[in-house]
Structures are given as structure tokens and as C-alpha cells.
Amino acid sequence: MSEFTYGGEYRDMPDPDTCTDKEWAAYVHYRNGAPGLKKEWWYHGPSGTWFIAERDTMTDKISRTYIAGQEEAK
Amino acid sequence: MTGRIAKKRGEWINRDKPLTFEYEGQVVNGYEGDTISSALWAAGIRVLGRSFKYHRARGLLSFANHDVNALMTDGEDTNIRADVWPVSQGMALSAVNTDGGVVKDRNKYIDKLSPFLPVGFYYKTFYKPKSLFPFWEDKIRKAAGLGKVNFNYPRILKPKRYAHCDVLIVGAGASGLSAAVAAAKQGLNVILVDENKQAGGSLTYDFAGDQTTADTLNNLLDEVTSNANIRLITGAYAGGYYTDHLVPIVGVDGITKVRAKTVIVASGVFEQPPVFRYNDLPGVMLGSATQRLINRYAVKPFQKGVVVTANDHGYRTALDMAAVGIEVVAVIDMRRDGAKRDLAEKVTEKGIAVHKGSCIYEVVPASNKMAVKEVVVCHYNEDTAEADPRSAVRLSCDGVAMSAGWAPAAALLYQAGTKMRFDYDVQQFVPDQLPEGVFAAGKVNGVFDLKARLLDGQRAAVEASNYLGNASELITVTNPEMASPSHPYPIVNHPKGKNFVDFDEDIQVKDFINAAKEGFDNIELMKRFTTVGMGPSQGKHSNMNAIRILARIRQLPVEKIGTTTARPFFHPTPIGHLGGRSFHPHRYTAMHQWHVDNGGVMMEAGVWMRPAYYVPAGSHLSASDAVQEEAMAVRQSVGMIDGSTLGKIEVFGQDAAAFLERFYTGKFAGQKVGGSRIAMLLDEAGVMVDDGVAVRMAEDKFYVSTNSSNAATVYREMQRNIQLWGMQVTLVNLTGAMAAMTVAGPASRSVVETLIDIDVSAQGLPDGAYKEGQVAGIDARVMRVSFVSDLAFEIHVPYKAGMHVWQALMAAGKQVGIRAFGTDAQRLLRLEMGHHLVSHDTDGLTNPFEAHSESLVAMDKDFFIGQRSLKIIEKKPLNKKLVTFVLDNGFTGELPKECNLVIENGDIKGRVTSISHSNYLNRIIGFAFVSPEQSKSGSRFQVRTDSGAMVPATVTQAPFFHLLESKGA
Chain X
145 MSEFTYGGEY
155 RDMPDPDTCT
165 DKEWAAYVHY
175 RNGAPGLKKE
185 WWYHGPSGTW
195 FIAERDTMTD
205 KISRTYIAGQ
215 EEAK
Chain V
6 MTGRIAKKRG
16 EWINRDKPLT
26 FEYEGQVVNG
36 YEGDTISSAL
46 WAAGIRVLGR
56 SFKYHRARGL
66 LSFANHDVNA
76 LMTDGEDTNI
86 RADVWPVSQG
96 MALSAVNTDG
106 GVVKDRNKYI
116 DKLSPFLPVG
126 FYYKTFYKPK
136 SLFPFWEDKI
146 RKAAGLGKVN
156 FNYPRILKPK
166 RYAHCDVLIV
176 GAGASGLSAA
186 VAAAKQGLNV
196 ILVDENKQAG
206 GSLTYDFAGD
216 QTTADTLNNL
226 LDEVTSNANI
236 RLITGAYAGG
246 YYTDHLVPIV
256 GVDGITKVRA
266 KTVIVASGVF
276 EQPPVFRYND
286 LPGVMLGSAT
296 QRLINRYAVK
306 PFQKGVVVTA
316 NDHGYRTALD
326 MAAVGIEVVA
336 VIDMRRDGAK
346 RDLAEKVTEK
356 GIAVHKGSCI
366 YEVVPASNKM
376 AVKEVVVCHY
386 NEDTAEADPR
396 SAVRLSCDGV
406 AMSAGWAPAA
416 ALLYQAGTKM
426 RFDYDVQQFV
436 PDQLPEGVFA
446 AGKVNGVFDL
456 KARLLDGQRA
466 AVEASNYLGN
476 ASELITVTNP
486 EMASPSHPYP
496 IVNHPKGKNF
506 VDFDEDIQVK
516 DFINAAKEGF
526 DNIELMKRFT
536 TVGMGPSQGK
546 HSNMNAIRIL
556 ARIRQLPVEK
566 IGTTTARPFF
576 HPTPIGHLGG
586 RSFHPHRYTA
596 MHQWHVDNGG
606 VMMEAGVWMR
616 PAYYVPAGSH
626 LSASDAVQEE
636 AMAVRQSVGM
646 IDGSTLGKIE
656 VFGQDAAAFL
666 ERFYTGKFAG
676 QKVGGSRIAM
686 LLDEAGVMVD
696 DGVAVRMAED
706 KFYVSTNSSN
716 AATVYREMQR
726 NIQLWGMQVT
736 LVNLTGAMAA
746 MTVAGPASRS
756 VVETLIDIDV
766 SAQGLPDGAY
776 KEGQVAGIDA
786 RVMRVSFVSD
796 LAFEIHVPYK
806 AGMHVWQALM
816 AAGKQVGIRA
826 FGTDAQRLLR
836 LEMGHHLVSH
846 DTDGLTNPFE
856 AHSESLVAMD
866 KDFFIGQRSL
876 KIIEKKPLNK
886 KLVTFVLDNG
896 FTGELPKECN
906 LVIENGDIKG
916 RVTSISHSNY
926 LNRIIGFAFV
936 SPEQSKSGSR
946 FQVRTDSGAM
956 VPATVTQAPF
966 FHLLESKGA
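Residue numbers (the numbering used here), protein chains in the order written: chain X, 145 to 218; chain V, 6 to 974.
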């Protein structure tokens with residue numbers, strides 16, 4: 145499995161210019177650990193590709209993968 | 006060989022190959038194909054081991070590959086499983102867990118103490134008084150565990166193999182074989198694995214006196230072995246189930262990792278013992294154990310036996326025994342109504358008495374307590390689990406076969422996440438909801454009738470095939486009407502106990518009652534308090550009875566009690582099978598061989614090997630002297646270090662500068678071509694992650710270095726952010742493609758000048774400047790840097806030319822005494838210069854404000870990673886600061902170490918992050934985190950050493966070279 149590297153949960157960054165300190169701190173530090181469907185960053189080492197995997201952390205089932213920002217193209 | 010019977014069809018021993026071996030000093034005869042247990046039993050040896058806790062004599066129990074009371078050592082290996090391991094000529098064995106031999110075992114007195122050793126005894130007894138605990142701990146540790154570890158064990162590398170298949174079938178009994186044939190017919194690629202030496206499962210022993218099933222087996226085996234789609238592996242077990250159908254198959258010489266598209270578990274059932282007083286004496290064994298002895302190994306389990314049964318299987322066992330001339334005194338059936346008529350008649354026709362509604366109240370041991378003398382048979386009340394001692398009848402015999410029911414060998418199913426339900430028709434947990442791609446067939450699925458099992462295997466094969474995309478017609482299996490194969494409560498209470506439930510751990514019925522009284526009445530708690538199922542067989546013969554007993558104590562249905570999951574490995578697995586091959590690939594720099602040839606002491610630095618320091622041949626330098634000499638050469642003349650391990654990334658494209666501005670803390674848009682800037686990377690929380698140098702090679706092209714240890718991660722993060730930000734940037738990772746070396750010290754320019762074709766004078770190449778030219782005839786990237794010395798040149802050349810350039814520089818510097826220096830000297834040199842190392846002097850919480858790096862942070866930029874967090878941090882008071890410090894001149898006490906704490910008035914204020922003696926300065930200098938109030942130059946603070954001594958230190962300016970001047974003053 146070392147072919148792929150986990151890159152953490154995908155989270156939409158709030159606008160740093162308009163968000164409150166509290167909102168920013170929540171974005172940086174809080175993670176939702178409850179199992180369920182997550183959007184995750186994954187890295188494929190041999191091809192050097194980052195992609196998003198939608199994975200249910202309860203069942204370890206991956207329902208969708210796509211390059212970030214290109215999910216509509218799929 | 007008293008116990009060996011006439012040659013039988015299908016027997017597993019080879020009578021043409023007799024052999025001898027030793028057991029406890031006694032010479033024993035056996036045949037090739039015998040297990041240790043079968044050969045010993047054939048020789049009339051009954052005591053195969055001593056039990057774990059009470060050191061009771063034990064013989065065969067299950068003879069189903071999990072008899073953990075019969076563990077042997079040959080002096081080299083320990084805990085050899087006697088019921089599995091084949092005998093070989095000349096082996097010399099003795100039982101483990103004895104003191105002075107298995108028969109005389111000096112520890113057998115513990116059995117007499119057993120009334121005083123209830124469950125939880127150790128937990129409750131030895132923790133007070135605390136002062137005595139170390140004494141007891143020592144005694145208990147010596148008594149605990151089985152076998153002795155052999156610390157001189159040779160290192161044997163085991164092959165690691167991989168295999169792939171469409172269907173992995175676990176268990177080559179009737180259903181597994183049938184599933185394999187059916188799956189192969191569907192065109193699927195099949196691996197069929199069985200832990201026994203031969204395939205066939207119960208078809209190889211459960212004959213009920215006639216061997217008609219042997220034909221069924223032969224036909225199936227012919228089909229399996231002649232089918233190229235089926236790979237049959239015997240003598241190896243499926244060790245566990247891991248995600249995505251990964252199943253390690255554990256064989257004698259190592260593990261094969263099988264990645265299967267589907268898995269069919271046809272692993273069968275474990276026979277479960279009925280529970281009565283002295284059911285553990287040598288000579289008392291499970292019914293299927295007697296059948297395996299007789300039909301696989303041609304060994305008589307005993308001469309004159311009784312069968313105690315709570316299902317129909319006991320009758321089949323009796324018929325198998327009678328067929329080889331064993332005198333069967335009686336079949337004692339715990340069930341009120343006994344067996345179905347035709348089966349009972351077959352038994353009575355053999356002259357065997359059948360006692361319905363009866364039980365063995367207790368077994369009477371022979372005078373040596375190591376054999377059966379007779380059994381006490383009483384009427385049995387199935388509802389209360391009580392025997393009626395008034396009805397006692399004594400039957401003389403030398404052995405007892407026990408059949409009471411079965412438990413599914415469902416470890417893999419549980420591990421895969423199967424939801425099980427309790428099926429009252431068969432009194433067994435059976436799969437209810439199976440995970441995707443996992444199927445169950447045969448007895449483990451609650452199907453016992455032979456025809457139904459064969460069909461159930463085909464059904465599972467079709468379902469597996471359809472799961473893989475085929476569309477075959479599904480098969481429905483109906484269980485024919487039959488008596489339950491398992492009894493709901495095959496327990497006989499006895500006021501004196503010694504009615505064993507768990508033979509691994511010597512747990513009796515009363516132990517469960519006591520555990521429940523103590524409040525441990527949940528199955529998981531009870532397991533841990535009593536240790537039921539925690540022995541090496543992991544509850545294979547005990548968990549089901551434990552669940553039944555607990556259900557009765559709590560007056561709950563069995564399914565409400567639940568089960569525990571046996572974890573991998575399925576059987577005890579030699580640790581050497583799991584050991585790795587020490588395969589740690591290292592990267593060598595282009596100059597690696599030079600380092601080795603010149604006394605470089607090579608250390609792992611991430612994936613690279615780097616010289617820590619050099620001890621040239623013929624010199625007898627200590628490590629610290631070597632480091633100090635190398636550093637001194639740099640200060641006084643010139644030194645050179647191999648810096649090839651630096652991360653080296655080219656960043657180019659129209660957005661290159663804009664990208665670096667967002668990625669790093671500094672400004673790059675206005676950077677001049679040919680100039681370099683520090684590139685500091687933060688994470689989103691504003692914590693310092695990396696620092697390197699960014700050189701602008703062209704308007705749209707930068708050459709960025711990273712710390713050696715961060716090369717891969719920084720490159721990855723760059724890739725991610727380019728994608729996320731949608732920028733026009735291309736990266737080329739040159740880390741491995743370029744060799745790099747730094748020539749440092751006052752004489753460095755004179756050395757470089759002799760080989761370079763460009764102007765590297767103070768004006769031609771000022772500090773921080775970058776130029777391309779040729780060094781020793783090789784295209785090179787040259788940079789003035791000042792990490793280890795005010796004057797230093799970093800030279801990057803293609804990997805293949807690295808050695809050539811390095812050697813040329815070494816030759817050019819010979820006259821001025823150039824020395825190669827390693828990473829240890831580099832650490833000292835940068836410390837003297839006052840440069841911290843990110844993630845050595847900083848930690849996972851350090852922000853730039855705490856590490857004097859404000860000047861590298863352009864807070865007025867639109868955005869960079871970590872900026873928003875720094876805006877929050879900026880508003881708060883700092884709670885620590887990284888400072889450079891010096892110990893008092895002439896300090897000779899205990900040297901503080903990295904991580905020693907800075908303490909003031911008993912409070913922790915910080916810690917030392919780097920500390921070293923510098924021969925050049927003749928002082929001890931370092932980095933430390935201190936409180937902001939202590940951080941001004943000249944402030945004093947105290948460091949507590951390992952021994953507790955307080956060492957004063959003074960905050961001072963860096964670089965430290967001013968110390969030299971003040972020394973003179």
C-alpha cells in the first residue's frame with residue numbers, strides 16, 4: 145500500500161481575509177473523527193498525482209476519485 | 006507398538022519407513038507420517054504434557070491441531086505442537102512446562118493448591134503490600150508462560166511469497182473440495198488450502214464403522230488434482246483475514262500472502278468437550294480425536310473405552326472404535342431421548358450398551374493420577390445440569406471418548422466482519438450477514454449432512470462466481486431433518502469441581518460462577534478475568550462452553566451473550582515467519598565510495614547514508630576529536646561536506662514566483678535573477694516545517710533547496726498546492742539527479758578558484774549570489790552560502806560527475822589542508838554560526854516569532870501558508886523563545902544534554918535544544934527555549950541536568966565568534 149500516501153481530509157479553506165479567528169482556528173485544528181463518507185487527499189507516488197477520494201471510513205469503500213477541482217468533469 | 010492396529014485404507018503413515026526418536030529420554034518407534042502425538046500414543050505413552058496452571062498430567066484432547074497441553078521442545082525450538090509436527094528420525098523431545106520431567110514434574114503440587122487459587126487470585130493477592138510486589142512479580146513471571154525462549158536461535162530467513170486468485174477456499178473438507186470443483190468449472194482460478202497434511206477433512210476419519218465416504222473423497226480429490234485451475238495447498242493454514250481479502254497462508258517454511266478476489270470459508274467446526282469432573286485425565290479425549298487416531302494413524306486410543314455423548318456423533322465414534330476391535334463398554338447419552346433409532350440399533354448390534362439420560366459424573370483416576378481407571382455414570386437431568394449420584398454405576402475402562410457438539414471455526418469470518426446469529430436447530434453460531442466477497446460453506450455454515458455439505462460448497466462457489474460477474478443459476482441448500490449436532494448445555498455440575506472448560510488455562514465451571522459473582526458477567530470481562538480463551542488455542546475448545554455457562558448464569562439466551570473475536574494468527578505461528586528481511590533500501594550519494602574509503606563513519610539520514618565524521622585509516626581519533634578537528638579545519642582553512650542529500654527542486658512556469666510567494670513566507674516576485682533568498686515553509690497552523698534556499702535562475706525559473714529530511718514531503722506539498730491553487734507551474738525534482746558539495750572556510754575561495762571558469766571574488770560572487778559555470782570541466786551551479794562559515798561555496802553538479810568534482814576539489818585543497826567534514830561537524834559549525842535547525846531546535850509547535858525568524862515572514866503579502874494563523878498568534882504574548890546561550894567560561898561540571906529543562910523557581914520555562922563544546926571557541930554553546938523574559942542578551946537562566954544539578958547559562962548573541970574577542974579582553 146506504500147504506492148499511495150494519505151494526505152488528510154479535504155477541507156474547504158475559509159476566506160482568510162473575511163473569516164473570524166475562531167472560524168480559522170476551527171478550520172486548522174478541528175477534524176471530524178466520526179466514521180462516514182469523507183473527502184480525502186491521496187497521493188499516488190509513482191505518477192506524482194494528488195487526487196481526491198470519497199471514502200466511507202466505516203466500510204473502507206471508495207465511491208469516487210477525481211483530481212481536485214475536476215469532479216464535474218468526471 | 007502396542008497401540009498400532011492393522012493397516013487401514015487411507016492411513017496417513019508410511020509403514021515402509023519406520024523411524025525412532027526420543028521422548029523424555031525414552032526411545033520411541035514411529036512411522037514417517039506420524040505426528041509426535043500419534044507416535045507417542047501408539048507407543049502407549051499417555052502423559053504428553055503438563056497443564057499451564059495446575060501442572061496436571063494431560064494427554065490428547067482434540068488432536069485437531071490445537072492441543073496446547075502437548076507442547077514439546079527439542080532444545081532449539083520451543084512449543085513444538087505435538088499434534089501437528091511430524092516425527093523425524095533421531096529427534097529428541099521433552100515436554101515444556103515441567104520441572105524434572107513430564108511424569109515427575111515437581112510443580113504438580115500446585116494442583117493440590119488449586120482450591121486456594123481461584124480466578125483473580127493473582128490480581129487480588131499480590132498487589133499489597135506494595136514493597137513485596139517485586140518479589141512476587143519475579144516468582145509469577147518465572148511461572149508464567151510456556152516454554153523457554155532460545156536466545157541462541159539461528160537466524161533463518163523465510164521466503165515471503167505472494168499469490169493471487171479468484172477464489173481462496175479455506176478448508177479442503179467435503180464442502181471446500183466441492184466448492185473448489187464447482188468454482189473451477191465456472192472458469193475461476195482457485196487456491197484451496199487446508200491445515201492438515203492431507204485434504205478431506207472429516208471424510209478422512211468420520212466413518213461410523215464403514216468407509217463408504219472414502220469413495221466420495223477419492224472422486225473429489227481426483228477432480229481437484231486433475232483440474233489446472235485449482236491449486237491445492239495442504240499442511241498450511243489461513244492465518245487471518247485482512248482488508249480486501251488478504252489472507253496469509255502459513256506453511257512450514259514461511260508465509261504466502263494471498264490476495265483473493267473472493268474467499269470461501271469452509272473451515273468446519275471444532276469439537277467441544279462435555280464438561281465433567283476429571284474430563285482432563287490422559288485417556289479422556291474428544292470423539293473426533295479417537296477417530297483421527299484410528300483412521301488416519303492406525304492407533305488405538307485405548308483398549309477398553311466408554312463413549313459419553315450429547316449428540317449422534319458419539320454413536321459414530323463408538324462404531325469406528327468397535328470396527329478396529331476396541332472394547333466399547335457403553336455409550337452414555339446425556340440426552341433424555343437418545344439417538345435416532347437406526348443409529349442406536351447399529352451400536353447395540355455391536356453389543357454396546359446405550360445409557361440414555363445419563364452422564365459421566367466423574368472419571369476415577371488410576372492411583373498415579375495419570376490415567377483413567379473407571380467412570381462413574383449417573384442419571385442426568387438436562388434441565389438442571391445435575392447428575393443424580395444415588396444412581397451411580399461404575400464402569401471400568403481405560404479411556405473415554407467425548408462428543409457433545411461443535412463450535413464453528415469462524416475466526417476468519419469474524420475477522421472479516423461477519424455478523425453471526427445463533428441457529429437453534431444446530432445449536433451453533435452461523436453466518437448471518439457476510440461481508441462482500443466472503444462466503445461460508447459446510448459445517449461452519451451450520452450444514453452437517455454430507456450431501457447437503459457437498460451442495461453447500463457448490464452453492465458458495467456459484468455465489469462467488471456471480472459476485473465476480475458471472476450469472477449462473479443459484480443453488481438452494483436445505484438441511485435435512487436431523488438431531489442437533491450440538492447439545493445446548495453439555496455440563497455436569499460437581500461439588501468438587503475439576504470439571505474443566507478451558508484446558509489451556511485450567512478453568513473450571515466454578516471459576517465462571519465466581520467471576521460472575523465478582524461482577525465480571527459480560528463475556529469480554531469474563532474472558533479477561535478468568536482468562537478463558539486466552540491460551541494458545543484461543544478458545545477453540547472452550548469459548549462455546551464458556552458462553553453457554555455465562556448465558557445460564559445470567560439467564561439469557563446464548564445469542565445475547567455474544568462472542569469474542571479470535572485475532573490472527575489462527576494457530577500459534579513462529580515469530581520467524583513474521584520477521585522481516587531487514588530490507589531497508591538506502592540511497593548513496595555520488596561520493597559515497599570516497600567517504601567509505603576515507604574512514605567515513607556512515608549513518609542513516611532518512612533514506613540516505615551520510616558520513617557523521619571521518620576516522621582516516623591509521624589515525625586513532627575519538628569521535629569527538631574527529632568532529633572538533635574537522636570543524637577546526639573549516640574555521641582555520643577549508644573543509645568540504647557532501648550535501649547531495651539536500652532536496653533540490655526546480656520550479657518553473659509563468660506563475661513560478663507567485664507560487665513561491667503563496668507557498669513560502671518570504672517574497673520572491675521582486676527577487677533578482679542570480680540572487681538567493683531563504684525559503685521558509687510553515688504549515689497551516691503557522692508552525693515552521695522547513696527552511697531552504699530559493700535561487701532565481703531566470704524570470705520564470707527557480708531552483709529551491711529543502712532540508713535533507715524534507716525533500717520528499719516538500720516536493721509533494723508543492724505538487725498538491727499547484728493543483729489546489731490551479732497555477733501554471735511545473736516542478737522537476739532533482740534531488741537524486743544532482744550531487745552537491747559545500748566548500749567552506751577562509752581558504753575556500755582559493756581552492757574553488759583553481760578549478761572554476763567564472764569570477765568568484767567577493768565582488769564577482771557576493772554572499773547569497775548564484776552563478777553557473779564550470780568546475781573541473783563540469784557544468785555546475787555555484788552559490789555563495791553562509792550556513793557553516795562566512796565564506797562558503799555550494800556547488801551542484803550532475804550526479805554522475807559528483808565524484809569527479811569532489812576529488813578535483815580535494816586535490817586542489819590538499820595544499821591548504823582541506824578536510825572532508827561530516828554531519829556532526831556541520832552541526833557544530835552551524836551552531837557556532839547561530840543557525841537553528843528546523844525540527845531539531847524547533848518542534849511541532851514552534852512558530853517563526855519564537856525562533857527569531859520574523860524577518861523571513863512577509864506578513865504584508867496577500868497570502869502564504871500559515872499567514873492567517875500567524876495573524877492570530879501575533880496578537881498573543883509569546884510563551885517561549887529560542888535563544889543562543891553559552892555556559893560560563895571554564896565550566897567543567899556535568900554537561901547538560903539536549904532536552905534538559907530550563908527551570909526557574911521550580912517552574913519549567915523551556916529546554917535545551919542543541920548543546921556542544923566548541924574547541925575553536927573553547928566554550929560550551931547551544932540553543933535553548935526560554936521564557937520571553939529570559940530571552941534578552943545577557944540574561945541568565947538555569948538548566949537542570951539528568952542528575953538534578955542546576956547549571957547556569959547566559960543568553961548571548963550569535964554568531965558566537967565575539968566570544969573569542971572578549972576572551973582576549
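No lab work stands behind these hints: they were computed from the structure. Glycine included, every Cβ here is placed at the ideal spot set by N, Cα and C. Please note that a few of the clues may not be correct.
Taking lysine-lysine and the BS3-like style, the derived pairs with C-alpha atoms no more than 25 Å apart in a straight line are [as the list claims (entries may be wrong)]:
#1 880(V) x 166(X)
#2 262(V) x 309(V)
#3 190(V) x 117(V)
#4 424(V) x 205(X)
#5 866(V) x 672(V)
#6 166(X) x 182(X)
#7 501(V) x 515(V)
#8 501(V) x 166(X)
#9 129(V) x 109(V)
#10 58(V) x 153(V)
#11 13(V) x 202(V)
#12 117(V) x 361(V)
#13 262(V) x 205(X)
#14 532(V) x 565(V)
#15 374(V) x 501(V)
#16 902(V) x 886(V)
#17 266(V) x 205(X)
#18 58(V) x 166(X)
#19 58(V) x 165(V)
#20 166(X) x 144(V)
#21 190(V) x 166(X)
#22 361(V) x 374(V)
#23 133(V) x 672(V)
#24 819(V) x 886(V)
Incomplete in silico selection of chain X near chain V, CB under 7 Å [said to hold, decoys possible]:
#25 165
#26 168
#27 170
#28 187
#29 194
#30 196
#31 197
The hints, checked one at a time:
For the given pair, residue 880(V) sits about 14 Å from residue 166(X) by alpha-carbon distance, which is consistent with the 25 Å threshold. A distance of roughly 46 Å separates the Cα atoms of residue 262(V) and residue 309(V); the hinted pair therefore is violated under the 25 Å criterion. Straight-line distance between C-alpha atoms of residue 190(V) and residue 117(V) comes to about 60 Å, which puts the hinted pair past the 25 Å bound. The suggested pairing of residue 424(V) with residue 205(X) holds, with an alpha-carbon distance near 18 Å, which does not exceed 25 Å.
For a cut-off of 25 Å, the pair hint linking residue 866(V) to residue 672(V) stands: about 8 Å separates their Cα positions. At roughly 23 Å between alpha-carbon atoms, residue 166(X) and residue 182(X) fall within 25 Å of each other, so this suggested pair holds. Taking the CA atoms of residue 501(V) and residue 515(V), the gap is near 9 Å; set against the 25 Å cutoff, the hint holds. Of the pairs offered as hints, the one joining residue 501(V) and residue 166(X) is violated, with about 68 Å between alpha carbons and a cut-off of 25 Å exceeded.
Using a Cα cut-off of 25 Å, the hinted pair residue 129(V) and residue 109(V) is violated, with the two alpha carbons roughly 31 Å apart. For the proposed pair residue 58(V) and residue 153(V), the alpha carbon gap of about 16 Å is at most 25 Å, so the pair holds. Our distance criterion of 25 Å between C-alpha atoms is met by residue 13(V) and residue 202(V), whose separation comes to about 17 Å. Of the pairs offered as hints, the one joining residue 117(V) and residue 361(V) is violated, with about 35 Å between alpha carbons and a cut-off of 25 Å exceeded.
At most 25 Å may separate the alpha-carbon atoms for a hinted pair to count; residue 262(V) and residue 205(X) meet this at roughly 22 Å. Restraint check for residue 532(V) and residue 565(V): the C-alpha separation of about 16 Å stays at or below 25 Å, so the hint holds. With a C-alpha separation of about 16 Å, the suggested pair residue 374(V) and residue 501(V) falls inside the 25 Å cut-off, and the hint holds. Only pairs whose Cα atoms come within 25 Å are accepted, and residue 902(V) paired with residue 886(V) is accepted, the gap being roughly 18 Å.
Annotation: proposed proximity of residue 266(V) to residue 205(X) holds, straight-line Cα distance about 15 Å (limit 25 Å). For a cut-off of 25 Å, the pair hint linking residue 58(V) to residue 166(X) is broken: about 59 Å separates their Cα positions. Using a Cα cut-off of 25 Å, the hinted pair residue 58(V) and residue 165(V) is violated, with the two alpha carbons roughly 37 Å apart. Note on residue 166(X) and residue 144(V): the hinted pairing is violated, with a Cα-Cα distance of about 57 Å set against a maximum of 25 Å.
Simply put, residue 190(V) and residue 166(X) have alpha-carbon atoms about 64 Å apart, too far for the 25 Å limit, and the pair is violated. Distance check on the hinted pair: residue 361(V) and residue 374(V) sit about 29 Å apart at the alpha-carbon level, beyond 25 Å; violated. A distance of roughly 66 Å separates the Cα atoms of residue 133(V) and residue 672(V); the hinted pair therefore is violated under the 25 Å criterion. Among the hinted pairs, residue 819(V) with residue 886(V) is inconsistent with the structure: their alpha-carbon atoms are about 43 Å apart, more than 25 Å.
Hint on residue 165(X) holds. Least Cβ distance to chain V is approximately 5 Å, under the 7 Å limit. Checking residue 168(X) against chain V: minimum C-beta separation of about 5 Å stays under 7 Å; hint holds. Taking 7 Å as the C-beta cut-off, the interface hint given for residue 170(X) is violated, the closest approach to chain V being about 12 Å. Interface hint status for residue 187(X): upheld, as the beta-carbon distance to the closest one in chain V is roughly 6 Å, under 7 Å.
About 5 Å separates the beta-carbon of residue 194(X) from the nearest beta-carbon of chain V, less than 7 Å, and the hint is met. This hint is violated: residue 196(X) has a C-beta 10 Å from the nearest C-beta of chain V, more than the 7 Å allowed. Restraint check, residue 197(X) versus chain V: the minimum CB separation of about 14 Å is more than 7 Å; hint violated.
The structure is inconsistent with the numbered hints 2, 3, 8, 9, 12, 18, 19, 20, 21, 22, 23, 24, 27, 30, 31, although it conforms to all the rest.
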